[in-house]
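**Q** Fit chain to chain and form the complex, with the hints in mind.
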Amino acid sequence: MRKTIPIILLLALLSCRADRPKALDLDGYPVDPFTSDAQATVLLFVQTDCPISNRYAPTIAALHERFAPQGTDFWLVYPDPNETPDAIRHHREEYGLPGQVARDTQHVLVRRVGASTTPETAVLGPHGNVLYRGRIDDRYTALDKARPQASKQDLADALTAALAGQSPDPSVTRAIGCFISDLQ
Amino acid sequence: MKKITVRRFLALIAACFGCSADEPREPTTFNRDIAPIVFEHCAACHRPEGSAPFSLLDYVDVIARAEQIAFVTQTRYMPPWKPKRGYGHFVGERGLTDEQIKTIQRWIDEGEQEGAAADLPPRPQWETDWELGPPDLVASMSVAYTLRADGPDVFRNFVIPLPVDETRYIKAIEFKPENARIVHHATMMVDRSGAARRKDELDDEPGFEGMSFGEAQDADGHFLGWTQGKTPYAGSDSLAWRLEPDTDLLLQLHMLPTGKAEPIQSRVGLFFADGPPKRRPAMLRLGRKDIDIPAGASDYRIRDTYKLPVDVEVLTIYPHAHYLGTETKAYAELPDGREQGLIWIEDWDFNWQDDYRFQQPVFLPAGTTLVMEYSYDNSAKNSRNPHDPPLRVRYGLHSADEMGDLTLQVLPRRAADLPQLKRDFYRKWMLQEIDGYKMLIAADPADWDTHHTLAMFYLGSGKPALAFTEFELALEHNPDYVEARVNYGIALAQDKKLDRAVTHLKEALRRQPDFVQAHFNLGIALHMLGRGEEAQPHLDEVIRQRPAMAEGIERRLQQLRR
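First to last, the sequence lines map onto chains A and B.
For the first sequence, position 163 matches number 163 in the working numbering, and the numbering has no gaps at all.
For the second sequence, position 231 matches number 1231 in the working numbering, and the numbering has no gaps at all.
Chain B extracted, bound-state conformation (with noise of 0.2 Å):
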């Protein structure tokens, strides 16, 4: 029992002065009007095996921090939940109500009292395993790996084979940090390649930093994230994903040093489902890759759009930016002229980046347009600002480069549209990409890759003379570019320009005589110039290097004849 204090003495007669009037109301206790509070809003993470701090489970935890509780909680910094309150509404929101805040400061100012022990409701009991039940199969990260005591955030990919001797189908994924205290978000994309086992051993390290994906995917349009205090969500049979043997998860944490070196060996809980899923979701990212934000600036601002040519229901709703992003909302303006909330978080903070289920679907005729506004603050106020002082910072995937994309789960009303919602999508997407590639090289002129990168992009978009340019400049950064050298070749003999296309193809043959693609490319243009002759030494120099190529090459000659 603890000692009456001089403080709770004062506070117990100021109680007793202001109940005396018409409202006769007992002292606020722990038992009864805290610990109700606490264990629903607070302990599911701050419990010894939870991912918070410390735990808050019992009548001394809670005195023994109850100042910072009331602060953090008004301050609505605890429990942790970013977006504006109705502005959509999701699965799993956390927060409290101004009563209950209220409630907890009025406990601390009368004393901070126990109460009567039947008041206590019974402490809540949480999985300690998986919170989904036995998983189908459980993989982990192959050795553990050591996280540095101090420094800034670490961003680290690794590489999970998930071992399934058949095409499975999976509805749900439960991630275990197992040290969920240095773990701030986790994504998880699919790999089908083989390119991050591959990156992931060109050292003894366990995984690589970064915070690209590289070739990685999401799960055919499945959001495969973890964030503190997040309850994996159950899925459904029939918007399962697809697991073909030989795929590997790759697990990107994002981890806060804690003061000690922390080993973290992750695993992940595979739940499978009975068959084939009946609709597949689409991933729409909106977003801006011309992102230039100049020094010093404190509110700079974003806006893309996209509309939508088919019915969809939005499921699931991620936006991103980095550490110089203040506000990110986004929302749908219908045919009918109303706007529709979907996402707004008014003080973005990176290190609490969530994707967000909604809890019922959004549905969205064809015709409304998707709408997202980012606001950046790149001035010395913003204290996460990467730069001291601030420095010019464009697009990119460094955490200290920034970002603004929006990516939505949706599902067309129709199944059948889904491949013209992709269709269309991509044309939009593809232009953002051409924004962003602008201007990377925009930042490093001399960066051939990017030039070849984006003429292609460019060919895609159907722009074959800016794609042009941009392979001329590839080849004048680096001529021996044997492939954006083919590659231009091609371009050209679909344009029409056979002549240019026969002499970089040849040129590109004179500075790699073995290279396949060359000769084959040769021998079709030469065909189409109406010198077979010539041309007949490459197609057979081609079907000596890849035999199985003859019957192709048979079948595009026919074309031409015809």
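If we strip away everything but chain A, and leave its shape as in the complex, we get (with noise of 0.2 Å):
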């Protein structure tokens, strides 16, 4: 049953990929976190091999404690089509990554967004409108220059403006870390 289903779908998909990729979840289906009726949707980029990502996993965790329950969804996106599944789910559970998985392997989340870097991040509105896109925080200002702490917490601040309502101010800032590559 449970194999049968995927490729059902898989034919599905392939049938309909010529006019619309979309990203994948961990077993193949297509996802679209832009879909969704959260009142906050997170998008977060990241790479399973990309230093500066995973050194903000405990930060990307403690977001999800204290957005989540508030009504946020949180999606990690894969946009290195290199990594295969199987790797992005030892990945999550290695750095303890919570939220959806979406394998942006065709960079439809990528471009719809804009994200140029990992980590980066987008924050939609309830219409999937993009409500803010840059850095978590401003921890790293230079790919060698880190603050000891971050002092603006970019991220927080903008799901909890998006929560209220309001519009993120600023709604664009710049990430710092591994280049998202364009699709070869």
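Worth flagging that the hints you see were computed from the coordinates, not collected in a lab.
Please read these numbers as outputs of a predicted model, since none were measured by experiment.
None of the hints are false.
Chain B is nowhere near these chain A residues, computed Cβ spacing over 10 Å in every case:
id: 1; residue: PHE34
id: 2; residue: ILE88
id: 3; residue: ARG112
Below, simulated DSS-like cross-link-like pairs (lysine-lysine); rule was C-alpha separation at most 27 Å, straight line:
id: 4; chain 1: B; residue 1: LYS1084; chain 2: B; residue 2: LYS1230
id: 5; chain 1: B; residue 1: LYS1463; chain 2: B; residue 2: LYS1506
id: 6; chain 1: B; residue 1: LYS1307; chain 2: B; residue 2: LYS1463
id: 7; chain 1: B; residue 1: LYS1102; chain 2: A; residue 2: LYS145
id: 8; chain 1: A; residue 1: LYS145; chain 2: B; residue 2: LYS1230
id: 9; chain 1: B; residue 1: LYS1176; chain 2: B; residue 2: LYS1082
id: 10; chain 1: B; residue 1: LYS1463; chain 2: B; residue 2: LYS1428
id: 11; chain 1: A; residue 1: LYS152; chain 2: B; residue 2: LYS1260
id: 12; chain 1: B; residue 1: LYS1422; chain 2: B; residue 2: LYS1463
id: 13; chain 1: B; residue 1: LYS1381; chain 2: B; residue 2: LYS1082
id: 14; chain 1: B; residue 1: LYS1381; chain 2: B; residue 2: LYS1084
id: 15; chain 1: B; residue 1: LYS1082; chain 2: A; residue 2: LYS145
id: 16; chain 1: B; residue 1: LYS1230; chain 2: B; residue 2: LYS1176
id: 17; chain 1: B; residue 1: LYS1506; chain 2: B; residue 2: LYS1496
id: 18; chain 1: B; residue 1: LYS1102; chain 2: B; residue 2: LYS1082
id: 19; chain 1: B; residue 1: LYS1230; chain 2: B; residue 2: LYS1260
id: 20; chain 1: B; residue 1: LYS1422; chain 2: B; residue 2: LYS1278
id: 21; chain 1: B; residue 1: LYS1381; chain 2: A; residue 2: LYS152
id: 22; chain 1: B; residue 1: LYS1463; chain 2: B; residue 2: LYS1496
id: 23; chain 1: A; residue 1: LYS145; chain 2: B; residue 2: LYS1084
id: 24; chain 1: B; residue 1: LYS1381; chain 2: A; residue 2: LYS145
id: 25; chain 1: A; residue 1: LYS145; chain 2: B; residue 2: LYS1260
id: 26; chain 1: B; residue 1: LYS1230; chain 2: B; residue 2: LYS1082
id: 27; chain 1: B; residue 1: LYS1438; chain 2: B; residue 2: LYS1497
All residues carry an ideal CB built from backbone N, CA and C; glycine is no exception.
**A** See the structure below:
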């Protein structure tokens, strides 16, 4: 039973692939965080071997613990097409990363929000409108320059605003980390 | 085989147009143009067993990071190498030429082609175990330490016993972090006192926090350090260091949390020399301990100098500052007026500090002045600033304090000059220490222990009047500090102020009646005053407590009689 459904869905997916590529979950089902009806939805772009996005794992877990109960959907978006579902499962377990997974192998989400880096984050409103895109906080100011502690909690501030129905300010910041490579 | 994307197709067309004129050039390929650069300059660290985060070993690895590689090479963040090129020539210099950096960008612009398989050079092979071969002795942290997942950098010291049954001479040491990705750098000192071991035993956790080495010392004038990507130094028999039985290695690790809990249990391999070394180097440490940087100061500078009394060769150099440091520069003013560059780091990064070994020892004749000039930024613009908002920062060993040291490992041209160099340098060093302790007292005027230490340094540099003031202050803040009282008594006696000496020594005994040093020095002082009868019970008490001191007392009294 469990085997047949993905195959059928995969066939369905292949048939419509030409007109609209989608992000996938770890079992190969298409997923679309933009259709979430949550008050706020967070996309967190990460890579299994990016040291900077990995260093943020405890921060991501703490944000999840704080904002998920307030009605925020959390998505971990893996934009590197070379990262297999097994590698991602292992990565999530190793770093204790919460949230649902979207393998963005065709960069549908990358393009839709304009992400270029891991870690980078986007906050979506209830209608799928992008309210914030950029860094989680201002800990890194360059690849080789990090503050001992962040002085601005940009993602937490954006989520607080989004949950209150307000527009985050700033709505765009520059994320520092590993580049999301263009698809070959 | 990869699909031809639109971008690549356009790039190919562009490449063809570009090459149509006078200089026919084949497109840049990974196999012919990029692999040699990556294999030589990146892959030693960027491989599965390496200290860097991801592998750069083949075409797929490299195209997945191509834009990032172009960026970090153009900004010269990678390969990491801080000293300014040409201002000192060092072993293990890393870096790409401008041409190599352009080649990487051109390869991307031309569509990141793989090229012909026949062009691919063989992938380099790396030692999987000890790079210097099988060690004569391997020692490791006795238990693994677990680095927490989150938070700021951790500086932690681990005690590694070095079990030898007789005196050995060590020509090389190879450090294996065993979890290289969390260790940014490691410094090793030698502890012959057991103090580090006792400190480690104070709690159940392996090791202890901090950046101070306590009683541990450098290994007979040798740096023992490791940074990511550093090749271990094979050393030589003629410059080995002495390892006595019952010595510990104190390993200080600067670790960066990675996002998950990380176990670490590092090892060291030691390589024995045939016998005692023929020559011994000295460590000369320039620097300022009176660093006091106002909050917000963006260009605070320090300078220190030392004039060499003998001819030396500089083997290694180690600049050190913390997070506010922005530039570290050292040079030598030769007696003929010429200036000889030693090291210049224009964009100081605490995380990439290292000891740098000159490719050829730098000869500096007697009369040369060593100069160090460092700059600091304690404004909010310095993102590494540990304080937000900025605070006044003074000299200190914690990472949120600041330091400005330059250590040079030098070898006197004539081995017989070593004691003269050490004596001369000691005088300069002591003045530096005095500055530092004055700063500490300025920060905490009631610190009786520091008043006492400063008093001892004043005595050592021949300034008894200043020492007496500091003794008085130490005793004012802690009248029960009998060690300070006895040292004060000894200092007064040496300055022929015997009555005051006797007063303090008696006061010490009133507070601690069995204090043997007080009995001894009081006995001697009373003898000097010609009050032998009064002195005798105190000297008897010394001998009762420490029979072995009887001979010493007798010798001292004979001196006095003469």
